[in-house]
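In case you want the letters, here they are:
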Amino acid sequence: GQNIDQPTEMTATEGAIVQINCTYQTSGFNGLFWYQQHAGEAPTFLSYNVLDGLEEKGRFSSFLSRSKGYSYLLLKELQMKDSASYLCAPTRDKIIFGKGTRLHILP
Amino acid sequence: GAGVSQSPSNKVTEKGKDVELRCDPISGHTALYWYRQSLGQGLEFLIYFQGNSAPDKSGLPSDRFSAERTGGSVSTLTIQRTQQEDSAVYLCASSSIGGGKGQPQHFGDGTRLSIL
Numbered sequence: 001g002q003n004i005d006q007p008t009e010m011t012a013t014e015g016a017i018v019q020i021n022c023t024y025q026t027s028g029f030n031g032l033f034w035y036q037q038h039a040g041e042a043p044t045f046l047s048y049n050v051l052d053g054l055e056e057k058g059r060f061s062s063f064l065s066r067s068k069g070y071s072y073l074l075l076k077e078l079q080m081k082d083s084a085s086y087l088c089a090p091t092r093d094k095i096i097f098g099k100g101t102r103l104h105i106l107p
Numbered sequence: 001g002a003g004v005s006q007s008p009s010n011k012v013t014e015k016g017k018d019v020e021l022r023c024d025p026i027s028g029h030t031a032l033y034w035y036r037q038s039l040g041q042g043l044e045f046l047i048y049f050q051g052n053s054a055p056d057k058s059g060l061p062s063d064r065f066s067a068e069r070t071g072g073s074v075s076t077l078t079i080q081r082t083q084q085e086d087s088a089v090y091l092c093a094s095s096s097i098g099g100g101k102g103q104p105q106h107f108g109d110g111t112r113l114s115i116l
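Each protein sequence line maps, in turn, to chains A and B.
For the first sequence, the positions run 1 to 107 when our numbering is used.
For the second sequence, the positions run 1 to 116 when our numbering is used.
Treat the hints as calculated values from the structure; they're not laboratory data.
Treat the hints with care, since some could be wrong.
As a list, the in silico DSSO-like pairs of lysine-lysine whose alpha-carbon atoms are at most 30 Å apart [what the hints assert, rightly or not]:
1) Lys81/A / Lys57/B
2) Lys99/A / Lys76/A
3) Lys11/B / Lys68/A
4) Lys99/A / Lys15/B
Listed next, the stretches of chain A that the computed footprint assigns to chain B, with coverage defined by at least 3 CB atoms under 8 Å from CB atoms of chain B [as the list claims (entries may be wrong)]:
5) 37–43
6) 69–75
7) 94–103
Beta carbons are placed, not taken as given, at the ideal position from N, Cα and C, and that holds for glycine.
Whenever a hint applies, use it, and build me the whole structure from the sequences.
Right, dumping it as structure tokens:
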């Protein structure tokens with residue numbers, strides 16, 4: 001089975017840094033995706049982690065600890081356009097999406 | 001095409017009618033997924049195709065829901081005798097191989113279904 005836990009909502013200030021945490025319990029775990037979804041739009045791919053550690057991609061970084069069933073998405077130098085939902089998605093034979101964290105950016 | 005295409009983009013129908021939603025995946029993508037998303041909610045998995053077969057249809061909410069895929073390409077999701085609780089955005093995604101192997105899913109823009 002699978003159980004994914006991430007905060008429902010977060011608020012941060014433009015220019016700041018925010019960390020969105022995700023814990024999961026997924027049998028047969030392969031790796032973990034993060035997706036971004038703006039209101040009224042389809043999700044878009046941000047990152048994929050299969051090994052433990054930090055993957056950096058521009059302003060966004062994603063971390064995975066397989067033994068702890070834990071991941072986080074780190075967003076630096078926040079911009080207003082980063083206001084969106086962020087979906088944690090561990091995978092086994094298919095991708096399982098969490099309910100997402102709605103991130104609000106204040107000017 | 002360049003991306004995943006879904007049609008119609010919007011569908012309004014009366015309760016009790018049947019509806020058919022279409023998904024045209026990225027050319028060459030063998031894996032195809034259907035999800036449902038209600039307003040402000042997460043993505044609810046419905047069914048997964050690998051080629052023309054559906055190894056996982058565990059998310060279909062009831063026997064009113066069915067899906068097929070032909071030619072390893074286009075898929076249709078059919079909802080019979082629609083109910084008001086079926087109102088949602090239905091999203092289709094495809095990936096080059098099964099999603100569990102690290103290939104990201106590419107999503108269509110969805111079909112917004114409203115049942116009156």
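Hint-by-hint comparison with the structure:
1. Among the hinted pairs, Lys81/A with Lys57/B is inconsistent with the structure: their alpha-carbon atoms are about 36 Å apart, more than 30 Å.
2. In summary, the hint linking Lys99/A to Lys76/A is supported, as the alpha carbons are separated by about 23 Å, within the 30 Å threshold.
3. The hinted pair formed by Lys11/B and Lys68/A fails the criterion: a straight-line CA distance of about 43 Å is larger than 30 Å.
4. Distance restraint check for Lys99/A and Lys15/B: the Cα-Cα separation of roughly 28 Å lies within the 30 Å cut-off, and the hinted pair is therefore satisfied.
5. Coverage of a stretch by a chain is defined here by at least three residues with a beta carbon nearer than 8 Å to that chain's beta carbons; for the stretch 37–43 of chain A and chain B the count is 3, and the condition holds.
6. For a cut-off of 8 Å, the count of residues in the stretch 69–75 of chain A with a CB near a CB of chain B stands at 0, and the three-residue condition is violated.
7. As drawn, the stretch 94–103 of chain A meets chain B at 7 residues by the rule of a beta-carbon pair under 8 Å; at three or more, the given contact holds.
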